[in-house]
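Here the protein sequences come in this chain order: E and D. Note that the UniProt record's numbering numbers the first sequence so that position 194 is 194, with each residue one more than the last. Note that the UniProt record's numbering numbers the second sequence so that position 4 is 4, with each residue one more than the last.
Keep in mind that a hint or two might mislead.
Here are the simulated DSSO-like cross-link-like pairs (lysine-lysine), alpha carbons at most 30 Å apart as the crow flies [said to hold, decoys possible]:
1. E:LYS257 to D:LYS104
2. E:LYS149 to D:LYS136
3. D:LYS136 to E:LYS257
Computed footprint of chain E on chain D; a stretch qualifies when at least three of its residues, placed anywhere within it, have a C-beta under 8 Å from a C-beta of chain E [what the hints assert, rightly or not]:
4. 34-42
5. 142-148
It is worth saying that the hints were derived from the structure and are not from the lab. By construction, the Cβ of each residue, glycine as well, lies at the ideal position given by its N, Cα and C atoms.
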Amino acid sequence: MTTRATRGPRRRTVVALAVILAVLSAFVVRLVDIQVVSANEHVEDSLQVGKLGSTVTLPGNRGSIVDANGTVLASSVTVYDAQLDPMLIASLEDDEDDPPKTSWSEAADMIAAITGQDADDLRAGVAATLESDPASRYLPLKKGLSTEKFLELRDLGLVYLDMLPRETRVYPNGAVAGNIIGYVDSAGVGQSGVEQLEKQCLSPVNGERTYLRGKDGNIIPGSDRTVAAENGGSVQLTINSDLQWYLTQMISEEAQKMGAKAGTVTVVEVKTGKIRAAAEWPAMDPNDLNSSSPEDWGTRVFGSWFEPGSTFKAVTAAAVLDAGAADLNTTVSANGRETFPNGAVINDPFRHDTYQYRLAGALIDSSNVALSKFGTLIDAQTRYDYIQKFGFGQETIGFPRENPGLVHPANAWDSQTLYTTTFGQALTVTAPQVAGAYQAIANGGEKIDLSLIESCTLDDGTVVDPEAPKREQVVSEQTAAEVSRILENVSVQGGLSQQIEVPGYRVASKTGTAQKADAGGYIAGKYFTSMVGFAPVDDPQYVVVVTLDEPTKVVSSAATASAFQQSMTQVLKTYRVSPSTVPMDELLPKFE
Amino acid sequence: MSRQAATAAALLPEPIAPAPGAPRRLKPVTAPARRAKPKLAYALIALGGAAAIGIAQIGLSLAITQDSFVLADLTSQQRELDLQASALQDDLAGTSSPQLLATKASELGMVVAGSASYLRLSDSTVLGPNTGADGKSTIDPNGSGAVYNALLNQKADAAAAANDAEASANDTADAVDPNLPPPITDGLPSPTTR
């Protein structure tokens with residue numbers, strides 16, 4: 001059968017089939033490649049390169065900032081920037097066959113009534129634009145229109161009026177905590193405060209939507225691809241906005257009463273280190289930056305440093321007691337003015353004869369000379385180490401543009417500085433640092449790092465807690481108790497006891513007055529006064545620091561007394577702190 | 001063909017040749033065999049099936065398109081409601097602020113007092129200052145220390161503008177042209193006689 005005659009056609013058939021199969025399989029391979037392997041790329045190509053589909057960016061919203069109780073302090077809203085198309089207006093007006101339902105002149109009246117502009121100005125603006133460029137398609141009308149205005153304008157149904165949405169920030173409480181919250185620039189990037197500090201949590205991730213439209217404008221089923229936008233997370237602060245409002249209002253009144261340049265109040269919870277209020281005057285309203293001067297746009301609480309003066313004496317006392325160099329009965333002799341063996345001259349704020357001061361008396365009378373002698377019972381390096389442990393010279397929470405203060409190392413202290421550092425001169429601090437140090441004293445010697453951010457709640461509901469604050473026993477419990485007792489005696493036996501009394505509560509406090517300095521040294525008559533304290537002493541709950549910059553009506557530490565008393569009263573009331581039930585220990589004697 | 005295949009073919013038994021004289025089994029065909037009549041039912045089933053598939057396809061496609069319209073409709077409703085919600089939200093901004101609350105409270109004569117007193121239930125002791133508020137506020141929310149809130153100011157400005165507009169509208173309505181005689185409201189004027 002396999003004759004030469006039959007072999008020829010069969011071979012041809014086989015070859016033909018093979019060729020067909022080869023071509024077919026090539027097609028199959030290509031088909032699989034198109035439909036399966038690189039299907040996504042081709043779909044994207046078709047939508048984008050082919051210009052068949054439309055792609056819109058779905059903007060995510062920036063997250064909100066809320067206070068400790070969930071009160072919204074900052075949130076995002078959409079506003080609209082309206083613009084006109086002068087060329088379209090002209091071409092519609094000129095169309096005699098089909099004149100517009102509403103003539104431009106009437107429309108201008110209606111637009112002006114809604115936007116609150118002058119209709120004549122509008123008409124003139126359009127005319128002027130057309131005159132300079134008849135093909136102009138852009139004339140800004142008004143920026144930042146609210147949704148209400150947007151709806152009214154939209155309902156006019158004018159084709160030449162375009163309104164572009166834009167996200168903006170609203171701060172419902174205005175200047176309450178404005179300096180802490182900060183503000184964003186026109187691109188929505190945080191420029192100061194929490195808006196900058198928590199940018200990672202607050203920033204949204206934009207989404208995208210791509211689709212094809214049919215001739216009637218409806219989206220063709222199956223062509224719609226959406227990558228959803230991720231809104232920014234919501235930041236919860238430890239701040240209590242009601243307390244913050246009261247303290248802002250109060251310090252503003254007090255600072256003006258005292259003729260001061262500025263004032264701050266900082267409140268820290270003793271058991272947690274959480275900052276419950278950080279008020280200041282002059283305050284900034286992030287809704288309207290121009291209503292405040294640019295120097296008030298930052299925060300004085302974290303950003304401005306000062307020489308603490310006598311409030312620092314509690315730190316020296318704690319160091320000396322904790323190192324075991326002295327106890328409550330140790331005495332030093334101090335005159336109102338003394339020259340020390342190394343040549344340093346130290347003055348007390350008032351003249352007096354030589355007293356045999358105990359530590360309590362030295363703080364009650366705020367004797368610089370006595371503190372210099374107590375402070376130098378331990379060597380400079382040990383004292384420096386304690387100052388470091390209490391948190392001075394370091395940022396507290398890493399707030400944007402936070403000032404770390406300045407504490408020179410012990411080996412850089414000269415003969416005068418060796419003594420002045422015992423009573424808070426020749427070093428600079430910030431109010432939160434002082435609050436942090438007193439928090440440690442009030443909390444049995446355990447210092448808890450301050451915190452301002454409670455948590456970040458992501459768009460999907462995940463709660464991200466910040467790292468737990470560091471806890472460190474900086475002085476012994478006994479030392480802390482002794483210093484607390486001294487500070488309570490300062491409140492009770494000091495000259496301001498009447499002014500700072502909070503009925504029902506045992507309060508520990510210390511005032512501080514430091515002369516302001518510039519490059520040339522101390523400036524006569526210009527003081528920075530502060531007062532720090534905590535209550536109730538039998539179970540300390542809150543530390544309050546009040547500062548006034550250059551008070552002029554009263555230049556002594558008494559300037560801050562009223563503000564401190566009102567702050568402490570309000571703090572204890574806000575948190576329903578139970579009045580003291582344990583009576584005070586017997587008064588400590590000042591002298592031997 | 002290779003030599004091996006040729007050898008294999010050579011080894012096959014000889015094909016049996018037809019016996020001479022036997023009648024030939026193949027005859028020429030005189031007429032084509034009658035074809036069986038095709039069954040109509042099969043054709044109908046096939047056509048019906050195709051039609052059913054086609055109709056189902058069109059139906060599904062229509063349903064999807066219809067859904068697309070409904071979706072577009074609902075989406076635009078949703079957008080509209082969102083806009084209204086955000087317009088209302090805008091109205092509320094600032095109204096919840098402590099500044100406004102304090103101002104309103106002080107208008108009602110309320111004060112921010114000093115320390116609070118507490119009643120301890122276990123022994124009926126009053127802790128704290130044990131006095132009531134003395135009617136003096138520790139702060140003045142309307143004074144020079146008022147905490148600024150641009151949102152409230154905008155609202156106040158807007159309200160004032162609205163009042164002005166209303167007042168001026170009333171003015172124009174009440175304005176009387178002095179050249180016209182006074183309107184007759186109580187019947188024709190007549191001299192009063194006693």
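Structure versus earlier hints - violations, ascending order: The structure conflicts with hints 2, 4, although it agrees with all the remaining ones.
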